[in-house]
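Asker: The chain contents come next:
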Amino acid sequence: EAQVTQNPRYLITVTGKKLTVTCSQNMNHEYMSWYRQDPGLGLRQIYYSMNVEVTDKGDVPEGYKVSRKEKRNFPLILESPSPNQTSLYFCASSTRDSSTGELFFGEGSRLTVL
Amino acid sequence: ILNVEQSPQSLHVQEGDSTNFTCSFPSSNFYALHWYRWETAKSPEALFVMTLNGDEKKKGRISATLNTKEGYSYLYIKGSQPEDSATYLCARNDQTGANNLFFGTGTRLTVIP
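As you go down the protein sequences, you meet chains S and L in turn.
For the first sequence, the positions run 4 to 117 when this note's numbering is used.
For the second sequence, the positions run 63 to 175 when this note's numbering is used.
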């Protein structure tokens with residue numbers, strides 16, 4: 004089954020404690036991206052990756068890092084989480100060749116930073 | 063940042079009613095318009111991806127139209143059912159070779175049995 008898998012789905016942590024949200028897709032997609040969803044705002048892009056070892060900032064990259072060492076994985080790293088990073092996070096993937104390709108989303112990771 | 067606006071923010075309709083929502087976006091440098099359906103506690107799922115002015119797409123009781131010159135898209139649901147209750151997101155893409163989407167805040171639909 005084609006899917007994007009995120010872990011953890013739910014996490015409560017404290018300010019400054021490094022954490023990683025993993026994302027894995029099994030569709031051999033070149034393109035992967037992270038979004039955050041906050042009340043009253045649309046999904047906002049954090050980082051994206053066009054292929055292995057190719058990453059770039061989205062609209063709200065501050066406080067986040069990513070890596071793309073393998074095609075299937077695109078982890079989101081919060082080196083020193085702060086309360087304003089409390090949010091619902093989505094990982095998504097698609098084919099790269101066409102900008103008309105639909106995004107496939109993971110089920111979301113709800114993060115609370117105290 | 064490309065402002066994508068959706069209206070209404072939310073609406074309630076009776077089962078069997080037909081309804082429609084609007085997505086408006088800047089028409090300059092347009093490349094593609096996406097519609098997604100997002101049920102609570104699930105992941106957003108693609109409904110349509112449209113690129114051409116005048117494009118119309120249909121999936122069952124749901125259809126969408128696109129006007130790239132004036133910068134709007136309509137999503138129609140015919141004969142709404144309770145299972146149609148969800149948030150409907152539209153997003154615009156203006157780049158080739160990258161699928162970076164700018165999302166609206168969504169229209170939350172509740173269908174009352």
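No lab work stands behind these hints, which were simulated from the structure alone.
Every residue gets a Cβ at the ideal spot worked out from N, C-alpha and C, and that includes glycine.
Worth double-checking, as some hints may not be accurate.
[To be verified] Restraint ranges, calculated between C-beta atoms of paired labels, are given here: (1) S:Asn54 to L:Glu67: 44 to 50 Å; (2) L:Pro88 to S:Lys72: 33 to 39 Å; (3) S:Val55 to L:Thr172: 23 to 29 Å; (4) S:Glu110 to L:Lys121: 17 to 23 Å; (5) S:Pro86 to L:Ser89: 16 to 22 Å; (6) L:Gln76 to S:Ser85: 27 to 33 Å.
[Said to hold, decoys possible] Pulled a few chain L residues facing chain S out of the computed Cβ check, cut under 8 Å: (7) Pro106; (8) Val111; (9) Asn115.
[To be verified] In silico negatives: residues of chain S with every beta carbon more than 10 Å from chain L: (10) Glu4; (11) Ile15; (12) Val17; (13) Asn31; (14) Leu46; (15) Met53; (16) Tyr67; (17) Arg71; (18) Asn76; (19) Leu81; (20) Thr89; (21) Arg99; (22) Thr115; (23) Val116.
Asker: Verify the interface restraint on Pro106 (chain L): the C-beta must sit less than 8 Å from at least one C-beta of chain S.
Answerer: Hint holds; Pro106 (chain L) Cβ to chain S Cβ min 5 Å, cut 8 Å.
Asker: Taking the minimum C-beta separation from Leu46 (chain S) to chain L, is that value above 10 Å?
Answerer: violated, 4 Å
Asker: Would the hint on Val111 (chain L) stand, with a C-beta cut-off of 8 Å toward chain S?
Answerer: Val111 (chain L) check passes; min Cβ-Cβ to chain S is 5 Å, inside 8 Å.
Asker: Verify this label for me: Leu81 (chain S) is non-interface relative to chain L, using a Cβ-Cβ cutoff of 10 Å.
Answerer: holds, 21 Å
Asker: Mind checking the hinted window 27 to 33 Å against the Cβ distance between Gln76 (chain L) and Ser85 (chain S)?
Answerer: violated, 45 Å
Asker: Would you check whether the claim that Asn76 (chain S) is not at the interface survives, using Cβ distances to chain L and the 10 Å cut-off?
Answerer: The claim stands: Asn76 (chain S) keeps its Cβ more than 10 Å from every Cβ of chain L (closest is about 18 Å).
Asker: Measuring Cβ to Cβ, find out whether Tyr67 (chain S) lies farther than 10 Å from everything in chain L.
Answerer: At roughly 16 Å from the nearest Cβ of chain L, Tyr67 (chain S) sits farther out than 10 Å, so the non-interface label holds.
Asker: Non-interface claim for Arg71 (chain S): all C-beta distances to chain L beyond 10 Å?
Answerer: Check passes; 14 Å lies beyond 10 Å.
Asker: Since Glu4 (chain S) was said not to touch the interface, does its Cβ keep a gap of more than 10 Å from each Cβ of chain L?
Answerer: Answer for Glu4 (chain S): holds, closest chain L Cβ roughly 13 Å.
Asker: Does the claim that Val116 (chain S) lies outside the interface with chain L hold up, using a Cβ gap greater than 10 Å?
Answerer: Non-interface label stands for Val116 (chain S): nearest chain L Cβ at 21 Å, farther than 10 Å.
Asker: Holds or violated: 17 to 23 Å for the Cβ distance of Glu110 (chain S) and Lys121 (chain L)?
Answerer: This hint holds: roughly 22 Å between Cβ atoms.
Asker: Can you tell me whether the CB distance of Asn54 (chain S) to Glu67 (chain L) sits inside 44 to 50 Å?
Answerer: Since Asn54 (chain S) and Glu67 (chain L) have Cβ atoms about 32 Å apart, the given range 44 to 50 Å is violated.
Violated hints, in rising order: 1, 3, 5, 6, 9, 14, 15, 21; the structure is consistent with all others.
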